[in-house]
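Novice: Take 1 as the starting number for the sequence shown in the numbering used here and just add one per residue.
Note that these hints are calculated values from the structure, not bench results. Heads up, none of these hints are tricks.
When the alpha-carbon atoms are kept at most 30 angstroms apart in a straight line, the in silico DSS-like pairs for lysine-lysine are as follows:
#  : residue 1 : residue 2
1  : K191      : K146
2  : K279      : K316
3  : K125      : K201
4  : K181      : K128
5  : K128      : K173
6  : K201      : K173
7  : K98       : K293
8  : K128      : K98
9  : K98       : K279
10 : K181      : K125
11 : K279      : K125
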Amino acid sequence: MMAEAMSRREFVAAIAAAGGLPAANALCAGAVPPGNAVPTVDIGGDDGREIFQQEIDAVTPQAWWSYDKCGMSLDEALGSRMRLELPALQRYENAFDKVLAEIDAADASAHPAVWLVYNMGIVVKTGKSLFTVDLHHRRAETLAPKLDFALITHNHGDHFTEDFYQAMNGREKKTVVSNFKDNYGAHFGRKHVGGYTRAVKTFEFGDVKVRTAYTDHNDYLIDYTTAFEITVGDFAIYHSGDCSNAGKLRPECPNPDVWIFHPRCGMKPVDGARAVNPKLAVVAHLNELGHAKGNARWTWADGERARQKLEDAGYKAVVPLWGDRIC
1 MMAEAMSRRE FVAAIAAAGG LPAANALCAG AVPPGNAVPT VDIGGDDGRE
51 IFQQEIDAVT PQAWWSYDKC GMSLDEALGS RMRLELPALQ RYENAFDKVL
101 AEIDAADASA HPAVWLVYNM GIVVKTGKSL FTVDLHHRRA ETLAPKLDFA
151 LITHNHGDHF TEDFYQAMNG REKKTVVSNF KDNYGAHFGR KHVGGYTRAV
201 KTFEFGDVKV RTAYTDHNDY LIDYTTAFEI TVGDFAIYHS GDCSNAGKLR
251 PECPNPDVWI FHPRCGMKPV DGARAVNPKL AVVAHLNELG HAKGNARWTW
301 ADGERARQKL EDAGYKAVVP LWGDRIC
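Produce the entire structure from the sequences given, and follow the hints as far as they go.
Specialist: Okay, structure coming up:
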């Protein structure tokens, strides 16, 4: 359950009362404290990840939603001060900038290039296409003009943003494949391709094929999550979203190149790996800031434990940070 966001005024007043950020009138003045280095997203080694984790732990869900839900309308002075006070927010922005820069430079002619942006959101570049799965970022809508289509696994706010959906479905009229959003007016090229479906079916987008299937989020959200099997030639990506039931993971490809999964949704990672049989397992859904520390906000260390279990069982696995290129 996502925490209810405070208003901007409530957030500023609460932080100011706690001795953190100055009062609202000072925020609007745009002054910044001297001596604050803007962090990069790149952190090396175990010590670096520990520092990153501490920065993430300092972000409450209330602060996060006050920042993130503003989208592109976030007040620049307020955003600047929040990023200085909470460096994890700056790393979140830097991750998006890093992916944008690398998209333009990446050569995806031999095989797709895949980046983790945040949570379970990935960007995929192929030789002919650019698309996303579960993209959640404050500035996600700015990527919409470059995209050919988008995929969303399920109707939880940490797996998409409404602004991004509106940009794709409304302004761009591009296909958004999901099991919950109207997308009837969308087109891929000159062809009408609406993305709403509750069926097991295959979409074709240029050099990309996307096969949908359904899996359980938990014991009561049955068939709530769409698992996407994405193939580009002989390269396969399997994104299982928030899946709790390994028994419903049935990719047609016997050995997908990349599997993106949630390690703490009720499915044991090794059980999922046995069902999917991936060449590379990607541990995702870590440090999602809309969840409170200790309450479904799984840490980098949690991800490393899942990775180790997979490695012990004979599977190759990685724990990417925000903005990391996976392959």
